[in-house]
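*Asks:* One letter stands for each residue in the lines below.
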Amino acid sequence: MSSFPVTQAMLDDALRFMGVSGSEGEETLEALERKVSQAFSRIEGIARPLGVWKRFPLDVDGVRNLVRVADAFDVESRDLTRLFARSSECFLLAVTLGPEVDRQISLSQRVDMLEGMALDACASVWADAFCDEVEKEARATLSEGEHLTMRFSPGYGDVPLATSESILEVLDAARRIGLSVTRSQMMTPVKSITAMIGISDQKEEKKDRGRNCAQCALNGTCPYRKRGDSCGL
Amino acid sequence: MVCDKKLGRDVIFFDGGMGTMLQARGLKLRELPEQLNLSQPDLIESIHREYLEAGADFVTTNTFGANPWKLEKAGLSVSEVVGSAVKIARRAADPFGGRVALDIGPSGKVMAPLGDAAFEDVFDSVALQVKAGAQGCDVVLLETFTDLYELKASVLAVKEHCDLPIYATMSFEASGRTFFGASLESMVLTLEALGVAALGLNCSLGPAQLRPLVERLCELAHVPVMVQPNAGLPVMRDGVSGYDVTSDEFAAIMAGFAEKGAGVLGGCCGTNPGYISKTVKAVGQRQVTPRSVPRRTGVCSAAKAVFFDDTVIIGERLNPTGKKALQAALRAQDMDFLLREAVAQQEQGAHVLDVNVGLPDVDEPALLKRAVTEIQGVLDLPLQIDSADPVALEAAARIANGKPLLNSVNGKEESLRTVLPIARKYGACVLGLTLDEGGIPETAEGRLAVARRIVEEAEKLGIPREDVLIDCLTLTASAQQDLVRETLEAVRRVREELGVRTVLGVSNVSFGLPRRAVINRTMLALALMQGLDAAIMNPADAGMMETVAAWRVLSGRDRDSQDYIAYCEAHPEATAAPSAGAGGPQKAQKAQETQKKLSETGDLASAVAKGLKERAATFTRDLLESLPPLEVVERHIVPALDSVGRDYEAQKIFLPQLIKAAEAAKSSFEVLRVALASDPDAKSGEPVAPVALATVYGDIHDIGKNIVKVLMENYNFKVLDLGKDVPPEAVAEAVRQNDIRIVGLSALMTTTVVGMKDTIALLRRECPEAKVIVGGAVLTPDMAEFVGADHYARDAMETVRIATKLATEADANVD
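Residue numbers (this note's numbering), protein chains in the order written: chain A, 2 to 234; chain B, 28 to 842.
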């Protein structure tokens, strides 16, 4: 389920997450790339990726900027209201790489910090790539004439982080994939993603599909933006 | 009608899913099933009744999620919900002569260090549920756990708050592991030692997928095996989710489980009274199929079980006796040093790690507990908890995951009385030393007698014989030559006459003799021949490791010599040396050449700048031959770090290179620390200023804090790492106790910045002298002002610069 090749884009993302700028000498870059490749192999070996997804009804109240999900919880968000304007259903999904990845990252940070940084970066990239796979799985169940909006996670734009907890609850994720949140709404295991994807009757314009910095909640605090870069997502 | 069924003798039937039944009756998503105990008691009672009519002997109270965390959100109280649920179940069960199990599921929280639930939080939560419901129930069912650590905390909470039998089940994946990595072997070792009445599997999979696991479990468990599968795997049918196994298929497979020896059968998600009724019919009223399971000595972490059927290597290096660097690390609470030493021993081939932190001037119970927590948080090796202080042993045994080995008890009245109950209560193996009030008996006969007494006393308390291991104690050949034979003879007789496993720390034998390694490995070989099962030794000692490897070939344990051959391939240098005579000088010459080559390729400063760890350590050792440690730091390391730091700030290099250089400097500092520790005049080597670092309460993302720590240690700050998710009170207390003036706080998420604000507010009140630097992904200068920090640091390097400035100012004020 979790077997997919490590692409150059994934390598580049991981290097960027580590703070590599690209202007290091060729020798240094090659060494770092090797390090990251090895880190990906290690993550592949220890990750036990699990995902759940399910289709739910969606009610969008454009006036109050309120999205009611699965008849179970509300999210107040201008971004979601806009994104889901033409959706009456959505997929909720949650993925995790499992606790062993967290453990190994934590251990390596205390034994060899560079290794710890590489593992941390690769695990984030891996979780995102795995989430793409799970999204494909959900996409394959669409009927003709149904299209997906972009994938939106709590923390993007104005969607509160606390939305994760509601998504996990309706997906029964603690029981089904061992994923839950702390008292301050952080996911444990840490290398996990929750997301919402609208099911719309209209194919999305290409330009809306990319996630951009203006939409991002980290806008202003993002370490990449601080030095004039972007995370690339 | 059913009251006379006996666990272990008769097959007992439990009920099936409760959630499934409630959903069928219109329970909404996110609605708490437990709330219905108050709002619709009749509905719950009718479901219990349906299961009883279907033939269930036990009904399970509707309290799976009735823990304070979940109920609090709905504004409900545990005692009310659980109390009501028990009354309902009782009301339903009594007319049938049925029995009631108090249901307790996992908390839904992840335990520290991965998550934010402490051992005692879980313990308290379960205790609350037991206090509310035990009276009126016949057993406590702990079900669907995936974290063995949480299950252990829960079992202890039940044991400490009622006398009911405990049935405990875990949910496994088809891989044979739980989400949290627990194995069947570890589950059985841990739960049986904790004294549960029945154990088994439930949920997560259908009966067909569980079959191989049930069969394996029936070969491992001595107590009755319980199985409650789902009604297959989840499927969507016409837009409705359901499960893919029919009640007939379910019942047929369950009947197979009964044949294999399972003693308690029921259902989980997707099952209804139809499934139970078919199962009861298919299995019939029958006795449990007898199983014969050998009794084996084993210890485990959650993920790894080690059985003493094969030779076990217990790594001895986490013991400060005679180790200056470890002593210094323990006094400084430098847990990273401990972890690196633990990892090294694992890589060198240790199967179990001895953990001893006994120093005269430390709070041993607290430190031992911390060391065990840290090691088991990231490593899978089972632990041997080593202390002469029963209070420390108990503190650590309580929070140890899995089944540890306690080192040690001995034949003294006082020791037997204090240590054995700890092993019994917390489900541990115990190592018995053959000495008593009269000292170490000289003869094998005498030591056997002490060993016998220890085994008997343990058995009287209910500790099975296989959980007692005996150390016949090695004496020094140079002082008491004739007693070496007595030790060996005692090992043989303890194995043969008591039938328990033996452990020996052999290296004492060579004390006072030249070339101790030769004596040690020969003693080890002799002891193994007498039946020794485990050696407490240094896994870095190649001679002893090779003796064990060879022994395993010669004694037939290493089939087809596979491990031995693999070992030789992994260690070609040892294999290649033909003999000491021919290889010795050549080797030395080669080493010299290597050394020369190394020196030609640069110096310590460039090794640090390039981030070459091993080379940095080698150069440091070389330099120490001609320079005092402090000069090595000032003339070589400091300039290198300064130039790396400047390059980073000028964006000539980036974070990975900065960290690589820091790691290289760290390996150099480790060499220096040993030199400083053995140099009585090195007072001025004291670090410049103590700094406390913490990732704030509520936040479990600590990579930023860890990066800062690596750098600060390089700049000679004495870093007290308080960890992640640290409550404000803990920060303030550490700062006050250690008279710390510089505090670094990190937070990653918007949701945890409030934790930072609270911490700073408390520090202002209690430690007004402390200056606070903040950083982290979510922080900006504005945010730093909002939380009330003294300084905002953009990145790790800036934190070091600010802290250096603060430390210098503080020094100037003092002067």
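Hints in this document: simulated from the structure, not taken from any laboratory. Hints are supplied without guarantee of correctness; some may be wrong.
[As the list claims (entries may be wrong)] From chain B, some residues computed to sit far from chain A (all C-beta separations above 10 angstroms):
| id | residue |
| --- | --- |
| 1 | M362 |
| 2 | D630 |
| 3 | D752 |
| 4 | E836 |
[Said to hold, decoys possible] Listed next, with one range per pair, are the computed distances between beta-carbon atoms:
| id | chain 1 | residue 1 | chain 2 | residue 2 | range |
| --- | --- | --- | --- | --- | --- |
| 5 | A | S144 | B | A677 | 53 to 63 angstroms |
| 6 | A | M151 | B | V715 | 26 to 36 angstroms |
| 7 | B | R821 | A | V64 | 53 to 63 angstroms |
| 8 | B | E99 | A | E27 | 54 to 64 angstroms |
[Stated by the list, open to error] Straight line, CA to CA, 30 angstroms or less: simulated DSSO-like cross-link-like pairs of lysine-lysine:
| id | chain 1 | residue 1 | chain 2 | residue 2 |
| --- | --- | --- | --- | --- |
| 9 | B | K452 | B | K439 |
| 10 | B | K55 | A | K55 |
| 11 | B | K331 | B | K350 |
| 12 | A | K137 | B | K55 |
| 13 | A | K55 | B | K100 |
All C-beta atoms, glycine included, are put in the ideal place defined by N, C-alpha and C.
*Asks:* Are K55/B and K55/A close enough, with their CA atoms no more than 30 angstroms apart?
*Replies:* 16 angstroms, holds
*Asks:* Does E836/B really sit off the interface, with its C-beta more than 10 angstroms from all C-beta atoms of chain A?
*Replies:* 27 angstroms, holds
*Asks:* Just to be careful, I want the Cα atoms of K55/A and K100/B compared with a cutoff of 30 angstroms; is the pair within it?
*Replies:* Since the Cα atoms of K55/A and K100/B sit roughly 24 angstroms apart, the hinted pair holds (cutoff 30 angstroms).
*Asks:* Per the stated criterion, does the least C-beta distance between M362/B and chain A lie above 10 angstroms, as a non-interface residue requires?
*Replies:* Non-interface label fails for M362/B: nearest chain A Cβ at 8 angstroms, not farther than 10 angstroms.
*Asks:* So if I understand the rule, the pair passes when the alpha-carbon distance is 30 angstroms or less; does K331/B with K350/B pass?
*Replies:* 29 angstroms, holds
*Asks:* For the hint 53 to 63 angstroms, verify it against the beta carbon of S144/A and that of A677/B.
*Replies:* 58 angstroms, holds
*Asks:* Does K55/B sit within 30 angstroms of K137/A, going by the straight-line distance between their CA atoms?
*Replies:* 28 angstroms, holds
*Asks:* Is the hinted range of 53 to 63 angstroms satisfied by the C-beta distance from R821/B to V64/A?
*Replies:* Given a distance of about 42 angstroms, which is not inside 53 to 63 angstroms, the answer is violated.
*Asks:* Go ahead and decide if the range 54 to 64 angstroms is satisfied by the Cβ distance of E99/B to E27/A.
*Replies:* 57 angstroms, holds
*Asks:* Taking the minimum C-beta separation from D752/B to chain A, is that value above 10 angstroms?
*Replies:* Not fine: 8 angstroms to the nearest Cβ puts D752/B too close to chain A.
*Asks:* Check whether the Cα positions of K452/B and K439/B lie no farther apart than 30 angstroms.
*Replies:* This hinted pair holds, its Cα atoms lying about 20 angstroms apart.
*Asks:* A cut-off of 10 angstroms on Cβ-Cβ distance, and D630/B was said to be off the interface with chain A. Does that hold?
*Replies:* 20 angstroms, holds
Against the hints set out earlier in the document, violations occur for numbers 1, 3, 6, 7.
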